[in-house]
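Chains P and X are the protein sequences, given in the same order.
Quick note on numbering: the first sequence equals residues 21 to 164 in this note's numbering.
Quick note on numbering: the second sequence equals residues 4 to 418 in this note's numbering.
To be clear, the hints were calculated from the coordinates, so they are not data collected in a lab.
Note that the structure is a prediction, hence the values are computed from the model and not measured.
Beta carbons are placed, not taken as given, at the ideal position from N, Cα and C, and that holds for glycine.
Each hint should be verified, as a subset may be incorrect.
Said to hold, decoys possible - Listing some non-contacts, in silico: residues in chain P with all C-beta distances to chain X over 10 Å: (1) Arg40; (2) His42; (3) Leu45; (4) Phe69; (5) Thr75; (6) Glu78; (7) Ser82; (8) Glu98; (9) Thr106; (10) Ser110; (11) Gln114; (12) Gly148; (13) Pro150; (14) Leu151.
To be verified - Coverage of chain P stretches by chain X, computed from C-beta distances (three or more under 8 Å per stretch; other residues unrestricted): (15) 26-34; (16) 85-91.
Said to hold, decoys possible - If you anchor each label on the Cβ, the simulated ranges turn out as follows: (17) P/Glu119 <-> X/Gly174: 51 to 59 Å; (18) X/Glu159 <-> P/Leu45: 37 to 45 Å; (19) X/His134 <-> P/Arg84: 20 to 28 Å; (20) P/Lys145 <-> X/Glu318: 50 to 58 Å; (21) X/Glu159 <-> P/Lys37: 29 to 37 Å.
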Amino acid sequence: MSEFDQMYREVILDHYKNPRGHGTLEHPDAEAEGQNPLCGDEVSIYVAFGDDGETIDEVKFSGRGCAISQAATSMLIEMVQGKTATAVASLDKQELLDEIAIPLTPVRLKCAMLGLTTLKVALHKAKGTPLPDGLAGFDELELL
Amino acid sequence: MAVQASTPTLDARAIRADFPIFEQLIHGKPLAFLDSAASSQKPHQMMEAMTDFYSTSYANVHRGVYVLAERATAALENAREKVRALMNAPDVREIIFVRNATEAINLVAYSWGMSNLGPGDLVVVSELEHHSNFVPWQYIAGKTGASLVMIPLTEEGELDLSALDGIAAQGQIKVVATNHVSNSLGTINPVEKLVAWAHEQGAIFVCDAAQSAPHVPLDVQALGADFVAISAHKMCGPSGVGALWGRGELLQKMEPFLTGGHMISSVRLDKTTWGELPHKFEAGTAPMAEAVGFGAAIDYLNAVGFEAIEAHEHELAAYALGRLAEVPGITLYGPPAERRAGIVSFNIEGIHPHDVAQILDMQGVAIRAGHHCCQPLMQKLGVAATNRASFYLYTVQEEIDQLADGLHTVRKVFA
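Between the sequences and the hints, there should be enough to build the whole structure, so can you do that?
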């Protein structure tokens with residue numbers, strides 16, 4: 021398999037072309053917008069909680085950007101559906117990376133993590149919990 | 004180095020042999036380096052000049068009385084004279100060594116701007132600016148209460164000069180700052196006309212020539228500008244050094260930008276007086292070896308000839324525009340070949356530039372993908388980013404073929 025077949029494997033291109041959960045929510049319980057100035061990737065994530073105020077009942081994203089950023093966010097949306105906000109807010113990034121399962125250069129790692137970082141910010145903001153180190157200021161600054 | 008002295012042609016293949024970077028394979032493929040607008044590759048002659056300086060003549064300049072200090076001082080001042088000649092500046096004392104063109108523009112924005120700008124004044128830049136000639140003015144305008152006004156672009160990516168009268172009606176214009184050549188679209192700006200207009204308004208003109216100095220003969224007296232900024236790293240020189248040329252009478256009146264060692268005349272407990280030009284603007288130990296490398300790069304480019312370099316790049320730009328137009332789904336940005344430098348920006352429908360650049364890299368092709376430090380321009384074009392291929396004296400047609408073939412592969416991956 022050539023290198024670009026590895027990076028742009030079928031499942032990545034499928035998620036890029038047919039993103040899961042693409043759209044917006046009118047009255048989200050949690051939302052945030054993230055940007056990766058390097059690629060110009062943009063992702064907005066909207067979350068609605070279930071009656072327990074904790075379970076992720078519905079989650080949507082909108083945005084534009086490179087295949088890696090958009091496909092990774094689409095895969096993330098599938099992963100977090102039905103999980104609790106607390107669990108997702110502390111989700112190990114390796115879990116998403118295992119799902120993406122492609123070799124990523126440091127620059128492209130930022131693309132792949134954009135959706136997860138944005139989602140974590142949305143959840144922490146909604147719950148009023150302090151942002152973990154590395155995410156502080158994220159809602160005001162671009163993801164560098 | 005193969006040079007034909009009197010005719011404006013060059014042998015890119017022979018020139019390429021002077022650049023060790025090309026002696027390697029990238030992902031098993033020959034390197035097609037099409038990102039010279041970001042920074043150029045380096046000829047061994049330049050690197051050897053720096054090594055020779057460190058090996059034989061290194062000491063701090065302008066201080067010691069011993070042989071090495073004298074040699075180092077002579078080497079630095081010799082490099083300054085080469086920069087003066089490159090820019091055709093009237094006086095070598097008007098050449099100030101800085102880190103890069105960005106620092107040069109910051110120097111003017113702070114030193115001139117903080118003393119001369121105030122509420123109601125206008126600072127005019129263009130939508131085509133690199134952040135280097137946009138952000139410093141935005142910042143200083145904000146600090147002083149001046150307003151920042153933009154010269155808009157035409158559909159073809161050229162400055163819309165018909166907007167100038169409307170801008171002049173908005174207030175007292177104090178500064179007009181544009182680039183000579185756009186790093187993003189390759190547009191060659193009508194700087195002489197803009198300078199004449201700026202001076203009619205009683206404004207100074209600041210020219211970011213970082214993208215033109217590597218490629219076209221530069222003549223600050225013919226341009227008529229008041230300040231001109233260049234960077235060595237884009238023109239076969241090392242990173243870490245650039246130059247500002249400023250009109251002597253303006254530089255004389257300006258406050259220093261950075262203060263500290265070397266830039267003083269005398270230091271007393273109650274008052275320090277500034278040194279003479281150019282030292283007033285060169286606080287601290289100078290980038291000595293870098294300046295020597297800059298001088299050697301200028302020698303190298305002069306031996307090839309700027310007319311030949313310019314002609315070579317026009318030829319490559321025209322060839323690239325033709326080859327890329329064959330790629331289905333491509334959008335090409337910027338003016339026609341005859342009015343642009345060796346830069347081609349494009350997008351492929353439905354494929355983000357970063358994905359394009361990544362797949363090209365795997366085929367040994369290095370291009371730039373992103374906003375090219377021109378976010379206002381990207382907003383104008385209505386895109387988040389573009390792909391950019393840029394050419395220099397060592398670029399050969401095969402590299403452009405490698406790019407065009409690579410783009411067909413990109414489309415196949417995303418088909």
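The hints, checked one at a time:
No beta-carbon of chain X is positioned within 10 Å of the beta-carbon of P/Arg40; the least distance is around 19 Å. The Cβ of P/His42 sits about 15 Å from the closest Cβ of chain X, beyond the 10 Å cut-off, so the non-interface label holds. The Cβ of P/Leu45 lies farther than 10 Å from every Cβ of chain X, with a closest approach of about 24 Å, so its non-interface assignment holds. With 10 Å as the threshold on Cβ separation, the claim that P/Phe69 sits away from chain X holds: the shortest Cβ distance comes to roughly 31 Å.
Taking the minimum C-beta to C-beta distance to chain X, about 33 Å, the non-interface status of P/Thr75 holds against the 10 Å cut. Against chain X, the non-interface label of P/Glu78 holds: every CB pair exceeds 10 Å, the least being about 27 Å. No Cβ of chain X approaches the Cβ of P/Ser82 within 10 Å, the least distance being about 14 Å, so the stated non-interface status holds. The claim that P/Glu98 lies off the interface holds: its Cβ sits roughly 21 Å from the closest Cβ of chain X, which is beyond the 10 Å cut-off.
For P/Thr106, the condition that its CB be more than 10 Å from all CB atoms of chain X holds, with the nearest at approximately 33 Å. Distance check on P/Ser110: its Cβ is at least 29 Å (rounded) from any Cβ of chain X, clearing the 10 Å threshold; non-interface status holds. Taking the minimum C-beta to C-beta distance to chain X, about 22 Å, the non-interface status of P/Gln114 holds against the 10 Å cut. Every C-beta of chain X lies more than 10 Å from that of P/Gly148, the closest at about 32 Å, which supports listing it as non-interface.
Once the 10 Å rule is applied to beta carbons, P/Pro150 is consistent with being away from chain X; the minimum gap is 31 Å. Non-interface status of P/Leu151 relative to chain X is upheld: no Cβ of that chain comes within 10 Å, the nearest being about 26 Å off. Against chain X, the segment 26-34 of chain P contributes 3 residues with a C-beta closer than 8 Å to a partner C-beta. That satisfies the three-residue criterion, and the hint holds. With a cut-off of 8 Å between beta carbons, the segment 85-91 of chain P has 4 residues touching chain X; three or more are needed, and the interface restraint holds.
Our hint of 51 to 59 Å for P/Glu119 and X/Gly174 holds, since their Cβ atoms are close to 56 Å apart. Distance hint check: the CB atoms of X/Glu159 and P/Leu45 are about 42 Å apart, consistent with the given range 37 to 45 Å. Separated by about 22 Å at the C-beta atoms, X/His134 and P/Arg84 satisfy the suggested range of 20 to 28 Å. A beta carbon spacing of about 55 Å between P/Lys145 and X/Glu318 agrees with the range 50 to 58 Å that was offered as a hint.
Remark: the range hint 29 to 37 Å for X/Glu159 to P/Lys37 is upheld by a beta-carbon distance near 33 Å.
The earlier numbered hints are all upheld by this structure, with none contradicted.
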